[in-house]
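S.K.: Take the sequences, apply the hints, and build the full model.
Chains as they are written, first to last, in the working numbering: chain V, 15 to 319; chain Z, 4 to 287; chain U, 442 to 828.
Accuracy of the hints is not assured; some may be wrong.
[To be verified] Stretch by stretch, here's where chain U covers chain V in the computed footprint (C-beta under 8 angstroms, at least three residues): (1) 66-72; (2) 120-132; (3) 297-311.
[As the list claims (entries may be wrong)] Cβ-Cβ distance ranges computed for the label pairs, FRET-style: (4) U/771 to V/35: 27 to 37 angstroms; (5) U/800 to V/163: 26 to 36 angstroms; (6) U/780 to V/163: 40 to 50 angstroms; (7) U/687 to Z/63: 28 to 38 angstroms; (8) U/824 to Z/6: 42 to 52 angstroms; (9) U/630 to V/86: 25 to 35 angstroms; (10) Z/249 to V/154: 39 to 49 angstroms; (11) V/189 to Z/249: 47 to 57 angstroms; (12) V/35 to U/610: 50 to 60 angstroms; (13) U/565 to V/24: 35 to 45 angstroms; (14) U/630 to V/154: 28 to 38 angstroms.
If you're looking for bench data, these hints aren't it; they were derived computationally from the structure.
Using N, Cα and C, we set each Cβ at its ideal position, and we do this for glycine too.
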Amino acid sequence: MRRAVLLVFVIVGLAWPLLAPRYFVFLASLVFVNAIVAMGLNLLSGYTHQLSFGHAGFLAIGAYTTALLGLHGGGLPAPLALLGAGVVTAAVGVALGLPCLRLEGLYLTMATLAFGFVVIEAILNLDRLTNGADGLRVPAARMGPWALTTDGARYYLVVVVTALLVIAALNVTRMRVGRALLAIRESEIAAQASGVPVATWKTIAFALSAFYTGVAGGLFAWLIGTLSPDAFDVFLSVDFVVMIILGGLGSVPGSIVGAAVVTVLNDALAGFQNYRPLIFGTILIGCMLFMPGGIAGAWRRQTAP
Amino acid sequence: MVISGLATGSIYALMALALVIVYNATRALNFAQGEMLMVSAFLAWTAQRAFGLPFWASIVVAIGGAALLGFIVERVIVRRSPTATHWDVLIITLGLSLVLRALAGMVWSHDEFPFPSLFSNRPVVVGPVRLAPVSLGIIGASLSLMLALYVLFTRTRLGRAMRAVAQNPRAARLMGVSVERMSSISWVLAAMVGAVAGVLVAPVVFLSTKMGLIVISGFTAAVLGGFGSMPGAVAGGMLLGVIENLAPLYLPSAIRYAVPFLLLIGILTVRPAGLLGRATTRKV
Amino acid sequence: MRTWIIGLLVATLTAASATPAAAQQGVTDTEIVLGCSNSFSGPLAFTGEQATRFGVDLYFRTLNDAGGLNGRKVRTVYYDDAYKPQDAAANTKKLVEQDKIFAVIAPQGTPPVVATLDYLEENKVPLLFPFQGSPITRGKKYVFSGMTLYDRQSRMMIDYLVGERKYKTFAALYQDDEYGKAFLTAFEKDLARHRLKLAAAEPVKRGATDVSAQIAKLQAAKPEVTFLVLVPAPGAQALKERQKIGWTDTVMVSAGPLTDERYLSLAADAAEGVEGLSLWPDPATSDLPGVRQYREAMKRHFPKNEPNRYSLSGYFAAMLFSEGAKRAGKNLTRESLVTGLESVKDWDSGILPPITIGPDHETQKQGFWVKVEKMRFKTLTDWLKSE
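M.R.: In structure tokens:
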């Protein structure tokens with residue numbers, strides 16, 4: 015049964031651009047991109063219980079890196095451009111993570127919050143490079159001689175990248191890294207005492223999280239085609255937090271479901287500016303009060319006898 | 004410029020104080036403090052517009068409304084959270100800030116409105132300097148409120164009980180202090196302090212649903228002063244206000260908007276305990 | 442199980458391929474769908490709401506009640522971009538590809554509109570009368586400008602201030618994006634024609650309201666005239682800040698997009714004596730027949746909403762679209778709409794001076810001078826020339 019469901023998902027997923035109207039192809043790509051960010055944020059928050067309000071900043075770095083590589087990189091193929099975006103973002107993540115490691119939960123949250131604002135200001139002030147507040151046009155992704163200019167082509171690129179990153183994320187949580195991170199979440203001091211090098215693992219978590227978000231940023235840039243700094247504001251970071259809280263902390267399928275729900279809601283409510291924060295805020299409060307563990311947690315309780 | 008910086012700073016200081024009051028009682032950060040401020044300022048405005056209340060009465064409405072809001076939030080929402088760790092409260096108040104902003108947008112729209120001020124905007128010339136009464140008024144009102152808080156915390160039984168909870172909740176409980184009651188009182192008190200800040204700042208930045216973002220400057224001020232320390236919060240707020248106002252005079256004007264965040268990251272990486280705070284060592 | 446899956450797939454495939462291709466997207470025998478991405482939150486929330494739901498929709502309601510355009514009723518769809526270019530781009534994609542709009546009407550703000558320009562032009566979707574004036578919209582086949590373009594505004598302002606008022610030193614406080622910079626470039630060019638230069642120019646970040654440092658720096662440059670190229674809240678903030686520091690020996694002049702009742706009421710008594718270029722007749726008091734009809738329609742459909750120039754501008758945009766669509770005739774396509782609009786000549790709206798569009802696709806080209814006296818704009822000149 016489980017296999018059959020999975021099979022349906024894979025078939026529908028692959029045939030989607032043939033089935034769905036153009037706009038829904040775009041929307042589905044957006045869901046996957048947000049799912050990558052949610053997985054990335056979950057690597058940090060879910061496994062180490064460090065909340066980040068700066069992931070919109072990481073997304074912006076990845077997006078602008080990709081856009082700039084496209085403009086000045088001389089037809090760099092898409093996988094390399096994405097890798098570049100991921101690595102640059104991860105490097106920034108480490109640079110932010112190292113000094114922040116000494117901070118406890120609350121302070122780390124504030125540091126990431128401030129980081130998000132600093133990224134926006136940096137993009138605004140580096141206007142020679144980033145075109146400041148007017149926004150940057152992103153050249154289409156390239157695969158050798160082809161440019162991915164249709165929604166369908168971009169969709170398949172997004173699907174392949176997402177699949178790779180999902181597999182990687184599932185394995186991270188099964189490997190030593192994942193176990194070490196979980197130990198840190200339960201008790202940092204106990205983990206330290208049992209010989210887990212807490213600082214190293216936390217840095218790795220930060221770097222991985224930033225890498226995922228950077229790659230997502232690259233895909234995001236190609237999907238939207240226009241970047242402007244003010245769209246990567248703290249409210250976008252909050253959207254990501256809603257995704258993982260709703261989906262379930264520390265769960266990869268939860269991240270995907272959370273991302274799907276938030277993205278589709280966001281799109282459906284584009285004309286009603288007040289309902290978006292109202293619903294997302296209610297989701298946050300509701301999850302904390304009545305559904306800790308989010309959808310993934312509820313699912314586990316349902317399926318377990 | 005310094006005076007105007009101190010005026011902005013006093014607002015930040017009040018925000019920081021409100022955050023610290025809640026933090027000390029519950030070890031949690033109230034992310035919705037800014038939105039609570041915004042809602043109370045709107046209440047004052049509505050009271051004035053709809054019922055023709057005089058200005059002072061509308062301030063009373065704002066403070067009263069804020070107190071009620073703080074009470075409801077603490078009793079009905081925050082206290083029901085199963086574990087009430089700082090993580091839970093942070094996310095709950097984050098959700099609350101979104102909800103409050105959306106509701107305010109539905110009731111009052113996302114427009115800017117002029118808000119009347121107690122103090123005139125026209126400068127008076129004193130010797131060689133021009134002073135704006137509005138800045139002096141803000142500083143004066145904030146200082147009186149801080150003084151009142153100081154008296155409350157040092158001279159009254161209630162204040163001492165709250166400080167006891169801040170220092171060691173378990174010991175305080177053993178001494179017969181109700182930690183839950185102190186938590187309620189702190190939320191109410193913080194909301195009231197926030198309301199005063201809201202009424203003071205609304206004439207300057209205009210009344211709008213975006214006002215709540217001022218909470219971020221409050222965080223910065225509180226961290227600057229060492230989170231948990233009340234005199235630190237005041238000093239941090241003032242310092243932040245002055246730096247924000249002076250920096251653009253010597254650097255490009257655009258720097259104004261980045262100052263609080265650069266300062267926040269800087270202080271966290273160099274001296275996480277804040278300028279006045281003491282480093283704490285954690286015990287298992 | 443497997444047959445069920447395959448059945449489902451086949452069903453969806455046939456459903457997807459069976460959708461017939463419409464003759465013209467957004468136009469049926471009974472309906473025309475228009476839309477735009479606009480600000481319903483963020484710094485221009487008031488403006489966006491007024492221009493669309495109380496402006497464009499106001500005219501179309503009146504029109505639909507009277508039978509519509511060639512038997513077609515006009516329906517509108519709006520999404521919120523909060524003045525962020527990236528969100529405007531995404532919203533516009535949704536409007537074109539999902540809501541299948543016929544044309545974009547009256548979106549707002551230079552940066553958001555510019556972010557959608559290329560996409561709309563590539564997809565041959567008309568972009569009609571955006572509430573912005575950057576000259577970057579010139580020379581596009583499917584774009585018709587709305588507001589008097591900024592270079593024309595700048596020319597009228599500088600020629601009037603230098604020529605008739607004999608001012609010599611100028612400074613500007615501008616929003617740090619395409620809106621502000623388009624004006625700044627034009628100011629510099631027009632001042633150079635008079636062998637003058639800008640003495641100082643200070644940027645303000647989009648969405649920010651604190652402008653104290655910028656005002657202090659501008660005061661130090663001692664300009665006779667200070668241009669404000671901002672949106673209402675920071676514009677009013679600049680006036681209050683000037684009052685606070687007691688800076689009286691400069692004339693504050695607001696650019697066309699800013700000259701409105703909104704920023705006046707926010708600044709209150711700090712606005713006294715401010716001058717500016719006005720692009721619209723006074724919506725509350727003007728006796729022009731078109732403005733009077735607008736006020737009556739407002740009273741009938743939205744009795745609680747005060748007349749203002751944003752809803753008037755949206756109302757005018759809808760009116761102009763209808764004129765173009767009427768000229769396009771029964772067979773309304775994007776191409777015939779463009780031809781229809783290009784044929785508009787000496788058309789009297791009863792709101793603005795007669796309008797001729799022609800191949801340059803510029804609808805408005807004029808403005809006049811106003812000064813604030815006792816919280817109202819007092820007209821100082823007739824319509825100024827921008828040629």
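S.K.: For each hint, tell me whether it holds in the structure or not.
M.R.: Each hint, compared with the structure:
1. 66-72: It is violated, with 0 qualifying residues against the three required.
2. 120-132: n = 0 at 8 angstroms, threshold three: violated.
3. 297-311: It is violated, with 0 qualifying residues against the three required.
4. U/771 to V/35: 27 to 37 angstroms: Given a distance of about 29 angstroms, which is inside 27 to 37 angstroms, the answer is holds.
5. U/800 to V/163: 26 to 36 angstroms: 30 angstroms Cβ-Cβ, so the 26 to 36 angstroms window holds.
6. U/780 to V/163: 40 to 50 angstroms: violated (30 angstroms)
7. U/687 to Z/63: 28 to 38 angstroms: holds (33 angstroms)
8. U/824 to Z/6: 42 to 52 angstroms: holds (46 angstroms)
9. U/630 to V/86: 25 to 35 angstroms: holds (30 angstroms)
10. Z/249 to V/154: 39 to 49 angstroms: Holds, at about 46 angstroms.
11. V/189 to Z/249: 47 to 57 angstroms: Since the Cβ atoms of residue 189 of chain V and residue 249 of chain Z sit about 51 angstroms apart, the hinted range of 47 to 57 angstroms holds.
12. V/35 to U/610: 50 to 60 angstroms: holds (58 angstroms)
13. U/565 to V/24: 35 to 45 angstroms: holds (37 angstroms)
14. U/630 to V/154: 28 to 38 angstroms: holds (35 angstroms)
When each numbered hint is compared with the structure, violations occur for hints 1, 2, 3, 6.
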